[in-house]
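S.K.: Could you put together the complete structure from these sequences and hints?
Each chain, letter by letter, is given below.
There are 2 protein chains.
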Amino acid sequence: MIRRLAVIGVGLIGGSLARALREAGEVREVVGCGRSRENLEKAMEHGVIDSCTHDISEAVKGADTVFLAIPLGAMKDAFAAMQGHLAPGTVITDGGSCKGSVVADARAVFGEMPAKLVPGHPIAGTERNGVEASFAALYRNRRVILTPMEETDPQAVARVRRMWEACGAEVSEMSVEHHDEVLAATSHLPHMLAFGLVDMLARMKENDEIFRYAAGGFRDFTRIASSNPVMWRDICVANGPALSRMLAAFADEMNGLAQTIAEGDEEHLLEVFSRAKVARDGFVDGLDDDSTT
Amino acid sequence: MIRRLAVIGVGLIGGSLARALREAGEVREVVGCGRSRENLEKAMEHGVIDSCTHDISEAVKGADTVFLAIPLGAMKDAFAAMQGHLAPGTVITDGGSCKGSVVADARAVFGEMPAKLVPGHPIAGTERNGVEASFAALYRNRRVILTPMEETDPQAVARVRRMWEACGAEVSEMSVEHHDEVLAATSHLPHMLAFGLVDMLARMKENDEIFRYAAGGFRDFTRIASSNPVMWRDICVANGPALSRMLAAFADEMNGLAQTIAEGDEEHLLEVFSRAKVARDGFVDGLDDDSTT
Chain A
1293 MIRRLAVIGV GLIGGSLARA LREAGEVREV VGCGRSRENL EKAMEHGVID
1343 SCTHDISEAV KGADTVFLAI PLGAMKDAFA AMQGHLAPGT VITDGGSCKG
1393 SVVADARAVF GEMPAKLVPG HPIAGTERNG VEASFAALYR NRRVILTPME
1443 ETDPQAVARV RRMWEACGAE VSEMSVEHHD EVLAATSHLP HMLAFGLVDM
1493 LARMKENDEI FRYAAGGFRD FTRIASSNPV MWRDICVANG PALSRMLAAF
1543 ADEMNGLAQT IAEGDEEHLL EVFSRAKVAR DGFVDGLDDD STT
Chain B
1293 MIRRLAVIGV GLIGGSLARA LREAGEVREV VGCGRSRENL EKAMEHGVID
1343 SCTHDISEAV KGADTVFLAI PLGAMKDAFA AMQGHLAPGT VITDGGSCKG
1393 SVVADARAVF GEMPAKLVPG HPIAGTERNG VEASFAALYR NRRVILTPME
1443 ETDPQAVARV RRMWEACGAE VSEMSVEHHD EVLAATSHLP HMLAFGLVDM
1493 LARMKENDEI FRYAAGGFRD FTRIASSNPV MWRDICVANG PALSRMLAAF
1543 ADEMNGLAQT IAEGDEEHLL EVFSRAKVAR DGFVDGLDDD STT
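Note that the protein sequences, when read in sequence, are chains A and B.
The opening residue of the first sequence carries number 1293 in the working numbering; numbering runs sequentially from there.
The opening residue of the second sequence carries number 1293 in the working numbering; numbering runs sequentially from there.
It should be emphasised that the hints constitute simulated quantities derived from the structure, not laboratory data.
Being a predicted model, the structure only gives us computed values, none of them experimental.
Note that beta-carbon positions come from the ideal geometry of N, C-alpha and C, so glycine has one too.
Incorrect hints may appear among the rest.
As the list claims (entries may be wrong) - In the DSS-like style, the derived pairs of lysine-lysine whose C-alpha atoms are separated by at most 30 Å in a straight line are:
no. : chain 1 : residue 1 : chain 2 : residue 2
1   : B       : 1334      : A       : 1569
2   : B       : 1569      : A       : 1368
3   : B       : 1368      : A       : 1569
Said to hold, decoys possible - Part of the chain B face toward chain A, derived, beta carbon under 8 Å:
no. : residue
4   : 1415
5   : 1486
6   : 1491
M.R.: See below:
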């Protein structure tokens, strides 16, 4: 049971954690912290948080658990703002999509990796933002990755694990480096392709018409291009080396495929598409595919 | 009112047309033609077709309307098989995703573009195949593009237009070349990216693990990689020049983005992502977005 949870950034991710813990009866009090008065007021109205402040040092006072659900570019300043205001036992965790930069920011601010800081990442979300997009079931049957360091207190890890399990999530642990590679492949790269495709088409002369003839497949494919641009700028900066490497490798693949198409190598095309279909169908079988099409 | 409709290829596309016309009371009799006995029997059971044959020359006999819903690579043989068996007034149309190759195949077989052949393309579908995936509402509020030629009989165009409008579709006309450019951008290119991404990840050593940590965004993004590999091989061959050109241009874009990320050019990243988000949100506002997330 969390006595007092400070949620820094009460949007989709932070708001959904608060809602899920409340629903599970696993939190007594939630303090919300953010920059937008309007969003905090909505969070109060919807009963997601009990009180709110714009001041991080205020928000973390007396909290036994702090959850950072803010863009990666804001982590360092947030660590600096809470430094000296945390109780000795306070456990800190975050929801950032890249863990290397969070660890680096923490080290830069605190001078070392704090034993009570457990870097984490719930693999969940939609392309929508703000507390009104949040819902208690967001983390149900989703995976949460924790990337504890050598310095991390195992009891802090256990507490963060329990917190996520209370939300219905399945928690696993891996190294920071491995997390950042896996996420570059499965999340960051697809987002680049979706943003890049929509941007390329939007810059074409006849883009009005082009979008008019796009169908359902295009809508699904580009859904993630509606994600928060600031968040994604920060992820690109934070996971720059792994992501730019993977994106360049993908560009090579696509040049190869363009060549294969230009040459009309039917056998090779069929091989690629068949292998992809098998892999994708297998991946979906391993998930709850809630799609109806 | 269609007296007798021959559907060549009774899958998602062909089956849905038959179902929609039946529901609208716009067809008296439907003859199904295909290679799979099992699929044709299912089509009979579900009442999608009234009779069936494996023989195209048989299927088109006495039909006033013929709809080809087969992979592009099968069009030429299908035209050859129906040659000499069509009644003089029979209107032929198709559902191929590329129109240039259909016109070329027709010319190769018939020696000229038949006046009663109206190349068409319903912009609708799911990644599923077979008659059991078909449904009457597939074309409702979807766009259908017709690409009549100089040689095409305007009355044949009018009949095909009425047929699609009876299914609830919105019909427009454009040139073959323009159609193939627009579809390369909005459909063929995204499919290449989805197939290519899944294939690249599937070939990574740790692919089991990689897919395990993929989330909902990845599922949506890669849905189209579950599409029929043979159909897509044929589309690549049929629309090779436009598609390979566009794919190579996209690879250049992604190399540029990889460079921007490696350099940490935050301003440029934010500009690209913001522009894409605005375009994508605008595109969705122009559609019925039936997504709940």
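S.K.: Could you work out which earlier hints the structure fails to respect and list their numbers in ascending sequence?
M.R.: Every hint satisfied by this model.
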